[in-house]
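> Top line first, the protein sequences correspond to chains P and F. Going from the first sequence to the numbering used here is simple: count from 1 and add 5. Going from the second sequence to the numbering used here is simple: count from 1 and add 5.
Because the hints were derived from the structure by calculation, they are not lab data. All C-beta atoms, glycine included, are put in the ideal place defined by N, C-alpha and C. Incorrect hints may appear among the rest.
With a cut-off of at most 20 Å between alpha-carbon atoms, the simulated SDA-like pairs for lysine to any residue come out as follows [claimed, not checked]:
1. Lys-11(P) - Phe-197(P)
2. Lys-182(P) - Val-310(F)
3. Lys-198(P) - Tyr-100(F)
4. Lys-11(F) - Lys-11(P)
5. Lys-182(F) - Lys-192(F)
6. Lys-11(F) - Ser-162(P)
7. Lys-192(P) - Lys-11(F)
8. Lys-82(F) - Pro-116(F)
9. Lys-82(F) - Arg-25(P)
10. Lys-182(P) - Gly-292(P)
11. Lys-11(P) - Lys-182(F)
12. Lys-182(P) - Arg-193(F)
13. Lys-11(F) - Lys-192(F)
14. Lys-198(F) - Glu-97(P)
15. Lys-198(F) - Glu-187(F)
16. Lys-11(P) - Gly-96(F)
17. Lys-273(P) - Ser-162(P)
18. Lys-145(P) - Leu-134(P)
19. Lys-11(F) - Arg-25(P)
According to the in silico footprint, chain F covers these stretches of chain P (three or more CB under 8 Å from chain F) [said to hold, decoys possible]:
20. 30-44
21. 143-149
22. 154-168
23. 200-210
24. 288-301
25. 306-312
Number of protein chains: 2
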Amino acid sequence: MPELRKDPITGRWVIIATDRAMRPADFIRESVEPKGGRICPFCPGNEQKTPPEILAYRPEGGARNQPGWSLRVIPNKFPVLRVEGELSRHGEGLYDRMNGVGAHEVVIETPEHTATLGQLSEKQIEQVLWAFRDRILDLKKDIRLNYILIFKNHGESAGSNLEHCHSQLIALPVVPKRVREELDGAKRYFDFKERCIFCDIARQETETGARSLLETDHHLAFAPYASRFPFETWILPRRHHSHFELADPPAIQNLAWVLRAVMRKIDKVLEKPAYNLMIHSAPIQEGSMAHYHWHIEIIPKLTRVAGFEWGTGFYINPTPPETAAQFLRDAGLV
Amino acid sequence: MPELRKDPITGRWVIIATDRAMRPADFIRESVEPKGGRICPFCPGNEQKTPPEILAYRPEGGARNQPGWSLRVIPNKFPVLRVEGELSRHGEGLYDRMNGVGAHEVVIETPEHTATLGQLSEKQIEQVLWAFRDRILDLKKDIRLNYILIFKNHGESAGSNLEHCHSQLIALPVVPKRVREELDGAKRYFDFKERCIFCDIARQETETGARSLLETDHHLAFAPYASRFPFETWILPRRHHSHFELADPPAIQNLAWVLRAVMRKIDKVLEKPAYNLMIHSAPIQEGSMAHYHWHIEIIPKLTRVAGFEWGTGFYINPTPPETAAQFLRDAGLV
Numbered sequence: 006m007p008e009l010r011k012d013p014i015t016g017r018w019v020i021i022a023t024d025r026a027m028r029p030a031d032f033i034r035e036s037v038e039p040k041g042g043r044i045c046p047f048c049p050g051n052e053q054k055t056p057p058e059i060l061a062y063r064p065e066g067g068a069r070n071q072p073g074w075s076l077r078v079i080p081n082k083f084p085v086l087r088v089e090g091e092l093s094r095h096g097e098g099l100y101d102r103m104n105g106v107g108a109h110e111v112v113i114e115t116p117e118h119t120a121t122l123g124q125l126s127e128k129q130i131e132q133v134l135w136a137f138r139d140r141i142l143d144l145k146k147d148i149r150l151n152y153i154l155i156f157k158n159h160g161e162s163a164g165s166n167l168e169h170c171h172s173q174l175i176a177l178p179v180v181p182k183r184v185r186e187e188l189d190g191a192k193r194y195f196d197f198k199e200r201c202i203f204c205d206i207a208r209q210e211t212e213t214g215a216r217s218l219l220e221t222d223h224h225l226a227f228a229p230y231a232s233r234f235p236f237e238t239w240i241l242p243r244r245h246h247s248h249f250e251l252a253d254p255p256a257i258q259n260l261a262w263v264l265r266a267v268m269r270k271i272d273k274v275l276e277k278p279a280y281n282l283m284i285h286s287a288p289i290q291e292g293s294m295a296h297y298h299w300h301i302e303i304i305p306k307l308t309r310v311a312g313f314e315w316g317t318g319f320y321i322n323p324t325p326p327e328t329a330a331q332f333l334r335d336a337g338l339v
Numbered sequence: 006m007p008e009l010r011k012d013p014i015t016g017r018w019v020i021i022a023t024d025r026a027m028r029p030a031d032f033i034r035e036s037v038e039p040k041g042g043r044i045c046p047f048c049p050g051n052e053q054k055t056p057p058e059i060l061a062y063r064p065e066g067g068a069r070n071q072p073g074w075s076l077r078v079i080p081n082k083f084p085v086l087r088v089e090g091e092l093s094r095h096g097e098g099l100y101d102r103m104n105g106v107g108a109h110e111v112v113i114e115t116p117e118h119t120a121t122l123g124q125l126s127e128k129q130i131e132q133v134l135w136a137f138r139d140r141i142l143d144l145k146k147d148i149r150l151n152y153i154l155i156f157k158n159h160g161e162s163a164g165s166n167l168e169h170c171h172s173q174l175i176a177l178p179v180v181p182k183r184v185r186e187e188l189d190g191a192k193r194y195f196d197f198k199e200r201c202i203f204c205d206i207a208r209q210e211t212e213t214g215a216r217s218l219l220e221t222d223h224h225l226a227f228a229p230y231a232s233r234f235p236f237e238t239w240i241l242p243r244r245h246h247s248h249f250e251l252a253d254p255p256a257i258q259n260l261a262w263v264l265r266a267v268m269r270k271i272d273k274v275l276e277k278p279a280y281n282l283m284i285h286s287a288p289i290q291e292g293s294m295a296h297y298h299w300h301i302e303i304i305p306k307l308t309r310v311a312g313f314e315w316g317t318g319f320y321i322n323p324t325p326p327e328t329a330a331q332f333l334r335d336a337g338l339v
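Next up, chain P with everything else stripped away, as it sits in the complex (with noise of 0.2 Å):
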């Protein structure tokens, strides 16, 4: 029988198949191998191909826009949004509209063309995680920002049209419907129950542990009960924080080991697949938050999304949870 499962936090339903539960070789899927080749805009050298850039971390010294960097954040050179100008909200006739001001970044995560997230280091992801942290508390200054969404995309059919390992920062002046939603499904609960939803899914999963693939002091990386894709992965902190700029030093230092062994398994078990990567922050301009919980959440791409999930919004999910976590888990240390 197949199952239908709420997601706590939102209320989307999900259609879970358990009757013929599609496992890893069952998905054709594209296996992402940066190969190099081409002239890359990211790779150093060609730092004069980008815009000139907005941070840089280089060890050694060095002048900007020069060779020498390990992580360079540059301004995306076509951006969906700009910086420049006033929102000037108007409508037009029963429709509303503004002007598309915002900013677009991109995160080169290292010099290296043909290395993958979980290719790089534990300390070379630390860096792109405080890249992140950098670029939001800078932003944040901008009062008319009023979102940011940090992503990934991974492979072609996860939408990346550069293979050269990189991130992407998108501040919006508003925030987005679906992060409202989030938002206040977890306010309802916390109204409640007096508690965080995520601490108590955070509880949950370890005590269970069926869903679980990896757990740290610091975090826990799991298959959400209800979650939308096969082999969807969310790593949740322990320690309470509604933002993500506000993780402290150890915590980040932890992520990174987190983040590098989930996509490692991730890479093992579905041979390098295609992905998205989002980190779920609240706003930027508003304060701390007891009922939001910062995460990241990973999605491969093994499934197409069509006309029933757009029509409705319910996702039918081919993989139990459980089923992705035990191939997940079972991959060990690599």
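Since the structure of chain P is already known, use the hints to place chain F on it.
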């Protein structure tokens, strides 16, 4: 300057990239050309390869599950939900689940293997619409079912595995969250204005004409103001009805003509793209609503949904709906 536009019904914002509007030739896409050749369970003569039919139209009579049909409805051989059993809602710690009770049917729209929706005759399309209505009216009697989605995945990249022209119907025990959001958004507008927002949209789109593709006495086809996807197209009946199954014969006849014309325009301008088509209609167990208005949404599959969309529910649309509408309008009646 890119524009942010708000969907007036759901409140979802969309980024419309007005600077570098992508035109039809700019998209890398699948051209869907059914080829045949393999044994198809939906072709006449192979009726035994599918579960027994639920409904079939046989203009010249004939036996059940035998050739001679012009349209055939069957249960999905691999259903995501099952008709038998109780819902038995229960908890699992803080989580909620129920059994996957529902229906999953396939409408085989023509006996001809290689025909696509745009290539069917008006009469054949009308027959498909009648089949949708007949199935909804029948399933409505089962009070465990609360919502029915009728949808079509056309082409592999839109999630279709079988090339023979077909639609699907999924009946759910709960009203999906996205549908509830659309209903609630429309209700808020109605409470404020005492008018249906869809009726107002039809009025404004007819007046401005900038996003209009096609108009008849009964229907309006247009590119919605806050289109999430390039060349997204809606068909809206002029006469207010919350439920698709309440449309009357003249409206259904006209809809067949409009749907055919729209699909032919899309096939011409975008070179037979893969697409998803969904009928948005009110929950089957709820009475007529003054605030909700059924309609059809068509999404050609031209772009990939990536980390930003998954993380925020915000969409980036590289083709302004005014540009899309102009291309489709200019294609004439093909």
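> The structure should be examined with respect to each hint, and the outcome stated for every one.
Checked hints:
no.	hint	in the structure
1	Lys-11(P) - Phe-197(P)	18 Å, holds
2	Lys-182(P) - Val-310(F)	17 Å, holds
3	Lys-198(P) - Tyr-100(F)	14 Å, holds
4	Lys-11(F) - Lys-11(P)	28 Å, violated
5	Lys-182(F) - Lys-192(F)	15 Å, holds
6	Lys-11(F) - Ser-162(P)	28 Å, violated
7	Lys-192(P) - Lys-11(F)	25 Å, violated
8	Lys-82(F) - Pro-116(F)	18 Å, holds
9	Lys-82(F) - Arg-25(P)	13 Å, holds
10	Lys-182(P) - Gly-292(P)	19 Å, holds
11	Lys-11(P) - Lys-182(F)	11 Å, holds
12	Lys-182(P) - Arg-193(F)	16 Å, holds
13	Lys-11(F) - Lys-192(F)	17 Å, holds
14	Lys-198(F) - Glu-97(P)	17 Å, holds
15	Lys-198(F) - Glu-187(F)	17 Å, holds
16	Lys-11(P) - Gly-96(F)	10 Å, holds
17	Lys-273(P) - Ser-162(P)	18 Å, holds
18	Lys-145(P) - Leu-134(P)	17 Å, holds
19	Lys-11(F) - Arg-25(P)	40 Å, violated
20	30-44	violated (count 0)
21	143-149	violated (count 0)
22	154-168	holds (count 8)
23	200-210	holds (count 4)
24	288-301	violated (count 0)
25	306-312	holds (count 4)
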